[in-house]
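Asks: Line by line, the protein sequences are chains D and U. Quick note on numbering that gives the first Met the number 0: the first sequence kicks off at 0 and runs consecutively. Quick note on numbering that gives the first Met the number 0: the second sequence kicks off at 0 and runs consecutively.
If you're looking for bench data, these hints aren't it; they were derived computationally from the structure. Be aware that one or more of the hints could be misleading.
No farther apart than 16 Å at their CA atoms in a straight line, the calculated lysine to aspartate or glutamate pairs in the EDC-like style are these [unchecked claim]:
(1) K238/D - E65/U
(2) K101/D - E65/U
(3) K277/D - E84/D
(4) K174/D - E284/D
(5) K220/D - E52/D
Below are the chains, spelled out letter by letter.
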Amino acid sequence: MRKISVLAGACALALVVAGCGSSGDNGTTTTAGGEFEVPDLPMLDSLGENEGEVSILAWPYYAEDGTADPAADWVTPFEKATGCEASVKYFQTSDEAVTLFKTGEYDVVSASGDASLRLIASGDVEPVNTDLVESYADIYPFLKDREWNSIDGQMYGVPHGYGANVLMWRTDIVKPAPTSWSAVFEPDSPHAGKITAYDNAIYIADAALYLMNTQPDLGIKHPYALDEEQLQAAIDVLKTQKEMVSEYWSDYLKEEQAFTTGDTVIGTTWQGIANFLKGEKVKVESILPEEGSTGWSDTWMVGANSESKNCAYAWMDHIASAEVNAQVAEYYGESPANSKACDEITDPTFCESYHAGDEAYADQIWYWTTPIEKCLDGRTDVKCTDYSRWTQAWTEVKG
Amino acid sequence: MSAILHRRPGLRLGLLLTPPMLWLGVAYLGALGALFITSLWGQNSFTGEIERSWTLDNFRDLFQLEVYRTITFRTLGIAALVTIVDAAVAFPIALYMAKVASPRVQRLLVIAVLMPLWASYLVKAFAWRGMLSEGGLVAWLAVPFGLDSPGYGLTATIITLAYLWLPYMIIPIFAGLERLPDSLLEASSDLGARSGHTMRHVVLPLAFPALVAGSIFTFSLSMGDYIAVRIVGGTNQMLGNVVYDNVGAANNLPFAAAVATIPVVVMLFYLAAVRRTGALDNL
C-alpha cells in the first residue's frame, strides 16, 4: 500500500513539474472566426401521444406546482390536462442550466440568451416546429427569430418572457433611495460590507454597462462585446466592488435571507425576489436604474435526446398560453411573451409597469447572451473576449 | 461447495478478498486515475464539450495564474487554523474524558461528542449562518463586551469548520489518552513533577501521535470543503469552490480535475510526514 501511495505521489509530482515547464500558445479553443457550427438536427413533424411524464429544468418560480405558494400552481393543471407527470428542477445560473441539461435527464429547459446558443451549438437542443405549438401565434413578434433563440430563421424554442435585472435595497437603511448602479459600484459606499452581487461571470456585463455610462472613453458599445482592454476595466470595477461586497449570491434563497436579516442591504436582484420579500413584509424596494440594465429573455427549448418530446411540446404550449404565461409573469415579475397575456393579468397596472409589449423599452435591456470571439457590436478590427475568458476573469475577481 | 472451500484455503481467501480489493482498486484508485487522466484533456470553450487531446494547459493555468495560488494558500491556511483550533479545544475535553471522568460520565460524554454527527451537515452550517448574521446570537452575546459578530468571512468559515470537525479530533485523542497507563502519571508525580510538568513531558509526547491522527481528519476534511464557505464565507472561495464552479458552472471538467489534484498532492505529503510520527498506527 505504501509503495502505491509513494508512486502516486511521484506521478503527481511529475505532472506538476511537466505542467510548470511546458509552454505553448494560449490554451483556449474557439471555433473558427468566433462563429460556431450548428449541428443539423431534425425537428418534430407531428405530435404523437403524450408519453406520460416530462422532466422540466427551469429558472426558479417558472414551474410552480403550488407547494411553495398554493396560489401559484400551473404545473398541476398541466398534468391534469395532458396526463404528463411533471418533475421540476430549478437551476440558479445559466451555466448550471447548461451543465444540468447536458446530463440528458431533462426534456425541456427555460434557457436565457447566455445559455441557449451554447445548447444549440452543442447539439443538446433541437429546432422547434412552431406550427405544433398553438400558443406560438400569440407571442410578441419582436421576441421571435432573435439571435439568441433562432439560427437562420429557424426557431429553437418558444419565448417565455423577458425582464431586467433590478437594483434592490432596504428602504429603512439605504437613504436616500438610489437611482443608479453607481450605488453598488462607486468606491467608498456608505454601505460597504453590505453590498451583494450576482455570482456568475455574466455579471461582468453589469460592470461593463456601468462603464458605458461613466467612462465613454473606453468605447464600450455593447456590454457583451468587450475587447481585452475593456474587459480589464470591467474587472477593475468589480475588484473595487469586491472590497465592499458582503457575499455574492446565486442561490436566491440565500439572497432572500441576507436581505431579511440585513446582512445585505443593497444589490442586484430579480423582480421575483423583491416581490417575495415585499410579501414577507421586509422593507425593500427595487427599481430599474436610470442607465438601464442587463436582463434576460427566456426561451423554452426541447432536448434533442428527449424521450418525452410530445409532453415537452405540450408543456411549451401550456406555459406560453395567454392564461398561464400571465400567471407566471405576474408571479415572477417579468414581461410575458404572449401578447394576449396582459388581458389575463389581475393587476391592471402590471403590464404597463413592466412595459410588456413595448418594443422600444425591451430594446433598452441588454439581454444576457454568450460573449464570443467575434464582437457582437460589429467591430472587426479587434478580437473580443469569449465566455471562457469571462469565467476565468470572474474567478480572478473573486480572488 | 463448502468441502472445496475447506480444502483450498487459498481459494477461500481469494473469494473473501476479491470484492473489497476490487472496490479499492477499481472504484477508488481507478477514480483517482481517471481524475488525473481527465486533467490532461482540453475543453471546447463555447459548447463545453471535452476534447480528448493531451494537453498540459490546465496545469499551466493552475500554476501561472496568481488567483489559484492565492486560493490554494487560503485553503491551506484555513485547514491549518481549523486543525489548531480543534486540537486546542479537543485536548482538554479528551483528557477529562479519558483520565478524570467516572465511567458513567465518560460514556455520557462520548455520546455527547458524537451526537452532533447525527445532525445534517447543512443544518449545522446554516445554524452558524443564522448565529453569525446581523443581530444574531453571536452578535447578541458579543455586544455587551463591546464586540460584534465577525460577520460572514474567513473567521466565520474557520469557526464553522472547527465546530463541524471537532468530534473527529476528540475521538482519536480520547482513544490515545485512554491507552496511556495511569501508572505513568503516578510515577511522574511520585518523582516530584507538578501537573504542568507531567502534562508537557509525559502526556503530550505520548498523546502526540493521537493528536496527529486527529489532525489528518480535520485537515483533509477542511481542505476539501466547499459548502461551509459558501454559506458563511462571504466572498471567499476555497479549492473546493473552484472545482465546483468548474464542474457545475463552467462545465470545464478537465480543469476541475487539475484543481482537484492539489488537495490530493498536499495530503500525500501530509501523510508522508505524518507516517514519521507513527500516528498512522493510531488510526
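Asks: Each hint should be assessed against the structure and marked as holding or not.
Replies: Evaluation of the provided hints:
no.: 1; hint: K238/D - E65/U; in the structure: holds (15 Å)
no.: 2; hint: K101/D - E65/U; in the structure: violated (31 Å)
no.: 3; hint: K277/D - E84/D; in the structure: violated (33 Å)
no.: 4; hint: K174/D - E284/D; in the structure: holds (12 Å)
no.: 5; hint: K220/D - E52/D; in the structure: violated (45 Å)
Taken one by one, the earlier hints fail for this structure at numbers 2, 3 and 5, listed in ascending order.
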